[in-house]
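Here is what each chain is made of, one letter per residue.
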Amino acid sequence: DVKVTQSSRYLVKRTGEKVFLECVQDMDHENMFWYRQDPGLGLRLIYFSYDVKMKEKGDIPEGYSVSREKKERFSLILESASTNQTSMYLCASKSEQANTEAFFGQGTRLTVV
Amino acid sequence: GQNIDQPTEMTATEGAIVQINCTYQTSGFNGLFWYQQHAGEAPTFLSYNVLDGLEEKGRFSSFLSRSKGYSYLLLKELQMKDSASYLCAVRAGNTPLVFGKGTRLSVIA
Numbered sequence: 002d003v004k005v006t007q008s009s010r011y012l013v014k015r016t017g018e019k020v021f022l023e024c025v026q027d028m029d030h031e032n033m034f035w036y037r038q039d040p041g042l043g044l045r046l047i048y049f050s051y052d053v054k055m056k057e058k059g060d061i062p063e064g065y066s067v068s069r070e071k072k073e074r075f076s077l078i079l080e081s082a083s084t085n086q087t088s089m090y091l092c093a094s095k096s097e098q099a100n101t102e103a104f105f106g107q108g109t110r111l112t113v114v
Numbered sequence: 202g203q204n205i206d207q208p209t210e211m212t213a214t215e216g217a218i219v220q221i222n223c224t225y226q227t228s229g230f231n232g233l234f235w236y237q238q239h240a241g242e243a244p245t246f247l248s249y250n251v252l253d254g255l256e257e258k259g260r261f262s263s264f265l266s267r268s269k270g271y272s273y274l275l276l277k278e279l280q281m282k283d284s285a286s287y288l289c290a291v292r293a294g295n296t297p298l299v300f301g302k303g304t305r306l307s308v309i310a
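As given, the protein sequences belong to chains R and E, one line each in that order. Each number in the numbering used here comes from the position in the first sequence (counting from 1) with 1 added on. Each number in the numbering used here comes from the position in the second sequence (counting from 1) with 201 added on.
Everything labelled a hint here was simulated from the structure, so no lab data went into it. Note that CB positions come from ideal geometry on N, CA and C, so glycine has one too. Among these hints, one or two may not hold up.
Unchecked claim - Per the computed footprint, the stretches of chain R lying under chain E, defined by three or more beta-carbons under 8 Å from a beta-carbon of chain E, are:
1. 37–43
2. 103–109
Unchecked claim - Here are the simulated DSSO-like pairs of lysine-lysine, each with C-alpha atoms no more than 27 Å apart in a straight line:
3. R:Lys54 with R:Lys4
4. E:Lys282 with E:Lys258
5. E:Lys258 with R:Lys4
6. E:Lys282 with R:Lys4
7. E:Lys269 with E:Lys258
8. R:Lys56 with R:Lys4
Bound-form chain R, shown alone:
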């Protein structure tokens, strides 16, 4: 079974803190993604990576950065957390083969106070 593991299920952070969300996959997938999910807005892509040390901006990258130093790990960084970054964050990975599905982690519910 493919496993995508996010480091925390729930997080509470203060405004202005630097926040790290970690994601690890065990299927040797080339592609990894970070989405956030908000009521009424669905899943929106923040950043993605098609290879180690490679990163691309998604639709809503402002206020975020990422790191992919190893193939299995993709980290999302909130440089200075703000209350509008309170959300559910979902990591996903997939094979580079075109017609394969993405597998999601269990999500991290981040609350910024």
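Put chain E on the given structure of chain R with help from the hints.
Showing chain E alone in chain R's frame:
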């Protein structure tokens, strides 16, 4: 850009059949995915269509018409555990999936 529309909410009766529609506008279409997401959990893959027609997988089927920019997910013999959100997602070229806002399905007795 891509635009994906699906109904916000639907209600259906246990044992019945329900069809969840998804319309999309995109250039370079390269596949449509359906995911199921129970409240508080991660989305899980249900089906994939890239060619026109119907793909059947047990109680779930998915249909695609590329010329109409249209897909539907058909759920038969509904069970209470099918109460969840159903997400339609489209790929263009080799870009990441773009998701619709999801359809929340409630199955009632």
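Results for each hint:
1. Under the rule that three or more residues need a Cβ within less than 8 Å of chain E, the assignment of the region 37–43 of chain R holds, with 3 such residues.
2. As drawn, the region 103–109 of chain R meets chain E at 6 residues by the rule of a beta-carbon pair under 8 Å; at three or more, the given contact holds.
3. Pair hint R:Lys54 plus R:Lys4 holds up; C-alpha atoms about 21 Å apart against a cutoff of 27 Å.
4. At roughly 17 Å between alpha-carbon atoms, E:Lys282 and E:Lys258 fall within 27 Å of each other, so this suggested pair holds.
5. For the proposed pair E:Lys258 and R:Lys4, the alpha carbon gap of about 23 Å is at most 27 Å, so the pair holds.
6. Of the supplied pair hints, the one linking E:Lys282 and R:Lys4 holds, its CA atoms being roughly 23 Å apart against a limit of 27 Å.
7. For a cut-off of 27 Å, the pair hint linking E:Lys269 to E:Lys258 stands: about 23 Å separates their Cα positions.
8. The straight-line distance between the Cα atoms of R:Lys56 and R:Lys4 is roughly 22 Å, inside the 27 Å bound, and the hint therefore holds.
In summary, the structure agrees with every hint in the numbered list given earlier.
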